[in-house]
Each structure stands twice: as structure tokens, then as C-alpha cells.
Amino acid sequence: MHPDLHRYLDGEIPRERLPAELAAEAAEWDALLGSASLMQAERRAPPWLEERIMSAIRTAPRPGRKQRILRWIFEPRTVRLRPITLLVVSGVAALVLFVWPRGEPPVVPAPVTAAAPRSAPPARAGEEMIYVQFVFAGADARSVALAGDFNGWDTQRNPLRDPDGDGIWTGTFAIPPGLHKYMFVVDGDRWVTDPRAERYVDDGFGMRNALITVTAPRRRSS
Amino acid sequence: MHQSEAWGPVEEPNDGQVVARVIAGDREAYRVLVQRYQDMLYRHAARMTGHSDVAADLVQTALVKAYTQIDRCRKPDRFGAWLFRILANCCKDHLKDRRRRDISLDAYPEPVAARERSNPAVELERSELGVVIERALAMLPDIQREAFLLKHVEGLSYEEISEMLDVSISALKMRVLRAREALKSVLEEVL
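Those sequence lines, one after another, are chains A and B. Under our numbering, the first sequence has 87 at position 86, and the numbering climbs by one with no breaks. Under our numbering, the second sequence has 856 at position 48, and the numbering climbs by one with no breaks.
Simulated from the structure, these hints should not be mistaken for lab results. Remember, predicted model here, so these are calculated numbers, not experimental data. Take these hints with a grain of salt, some might be off.
Claimed, not checked - Short derived list, chain B residues pointing at chain A, Cβ under 7 Å: (1) R835; (2) Y838; (3) R839; (4) V842; (5) Y850; (6) R851; (7) A864; (8) Y875; (9) T876; (10) D879; (11) I941; (12) S976; (13) L985; (14) E989; (15) S993.
We put the beta carbon where it would ideally sit given N, CA and C, even for glycine.
Work out the full structure: start from the sequences and follow the hints.
See the structure below:
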């Protein structure tokens, strides 16, 4: 078909502007499309369809906020993102994951190592603490407590327990990192040096204090 | 919106007003939209699928879907275009299954009775030509048939069709052009 004829049929040019040789073909198309337009009036929806649709509408979910929320949650959607935005978000996420300071690291018992004797100050509020388990074997003891420079040599603050009565007394206490002197206090008034300590130091009263070095676990580096 | 007859003729609410009432919870208000669009939807679905019963089902599906999602209609005043896009997608989904694409030529209507026309001889001839056109249209590819029907049967502008189908005007013009050429060659064989 001639392009001008299409332009005429699209309503872009009037019939008078068509070349004379296209006039007959244009008339044929006018008749044909006139018949096509009659098809519009020839077909209507069946009379029962309206009621059938309205019956379905009455039982259909009501449009509203709940439907919107459910659709928002469950419907797949396309997310458009600028590459630069993606890079920035990825960078921030990496920073938070690998560089940002973390909270308290997991607490593990500190290894006991030999070190030069040095007195450690009592624990201060807010200071980093390491949980250390102490064990004392005393089948005849009625009570056992831990006293050291970390608790001001208090004989009651850190009691050990022997819940099953097998004579093995244990207690896990928060100790600040550093070198500490300590002793066990049995039955409230008997000071006993820890026989399992690796190092000792004289206490100035004719006995020996046990020594323990408490070290903080290494932080994971970035 | 609804005026008493004492106040004059009842004014037809526009689509945007009806949509607002439906969203506010008035289910029965949706009947206005059903009445307004069901014929056009049915005609289009019938000519796209070739089956009256399938067309009725598709129209119902489209109208119910439009109701449940009516709050997503961004331009309530253009509800008709949005609704038609839903129906067009329903038709496409139906036609995707090639096994179901057994367009029945028997589904097309008989010529309109001559007594309904002012010039019986001429109108009979024209309506018979309409049946031939309809049968020829059934042989066109779906997207060409869809564009031709909306342009030359429904008499819509390219701008309106573009909004309804979400297709560019240049693409639509090309579809209609192809449809005319295909139709012409089919009719030349038949007539």
C-alpha cells in the first residue's frame, strides 16, 4: 500500500490531498473500514454477564490497606538502583561489618602465664574484665573463697561452690587483665596458697601468694 | 453525585468519582463501571479469542481483578484505559496457550438484520462485508488484530490506544499498517 494511503487512513491528511491514482483505492478502504466500524454495534455483552460479575464482586476481597500490604509483601517487584548507589551502600555495609568497633568480645578464660611479680590495682567500674575459673581441692572444707588484689583481699566476695559434694570447689569470677596475687580462704579464716599456681611470691607474712596473669583475648583485626 | 429528578437530569458520575466511592467501600457503585465498559471489553475479547463464552469469562476476570486492585489505579479518571490494559493482558495470557488458540469462525455474528438499517440493500451488503472482515481479522497475528480492532472498530485514537496498551504510538501505527496490508491480501483472495 502507498504510504500516503496509510496517512490518509490514519487521519493525517485529507482525501483531497491524495494523488488521483489513489482515489479509487481510498474509496474501497472507506467502504471496508465503514463496515468494520459497524462491527462495534453488532456485538454486546450478554445480558446475564453484568449480574454474574456483580455476584463475583460481592464475594471478592475488598480493596484496601490490608490487600495493599499483602501485595507489597508477597508480590515480586523490580528494584531500580543506580550503580553509584549500589557502590555506596556496599561500601557502608563493608565498613560496618569489618571496620566498625565491636561491642565486648566474647569472654574466655585467660591463660595463666609466668610473669614478673607486679601488683595489680583493684578492678574499676567499666574496666574490661575477663572471666577466670578457679579450682580448689578440699574435701574437708566447709567453705572456700577467693581473695586477691583484684577484690581488695575480701574473704567473702568471691565464694567457690561444691554443689555435688565431691570436694572440688570451683568459681568463675571477672578479673581485670594484668598480673594478680591471690589466695584461697578456707572455712573463713584459713589462708591457703593455690597448689596449682605456676608462680608464687612471698606475701611478707611467711606465706606465698599465688600469681596469675590475666590477658584479654586478641581482637579480630580488620 | 446522584441528583433527584426534581433538580434536573441525573448527571453521570465520571470514572474518578465512581472509583473513589468503590475504594471507600461501596461495592454496588462498581456496577456503574461494569455497565460502562462491559460491552467494549466483551467485543474486544470476543474478537481476540473467537469465542463468546471465553470472552465473557475474560471480561469477568478482568473486571473482578480491577475491583480487587482498584486502589492501584493511579489515574482514576482514566479507569477505562487501565481496565482495558488488564483485559488485554488476560487475552494475551489466554492466547499464549496455543492449544487453546482454536479461533472458531462460527463464533462471529451473523449479519445485522437489514430492517434495522435505513437503506436495507446497502446496509446488508456492508454488514456482510463486516463478517468477511471479521473472519479475515481472525487470521492476523494477535498484536496486529488488537491494534486494528481498537483503531478501526472501536474508533480510538492512537494516543488512547497507546495509553491502553502501554505501547508507543509509532509501534501502534506500524501494527495497524501491517494489519491493513495483511487484511487487504486476505480480502483480495476471498472477494
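**Q.** Violations among the numbered hints, reported as their numbers in ascending order
**A.** 12 and 15
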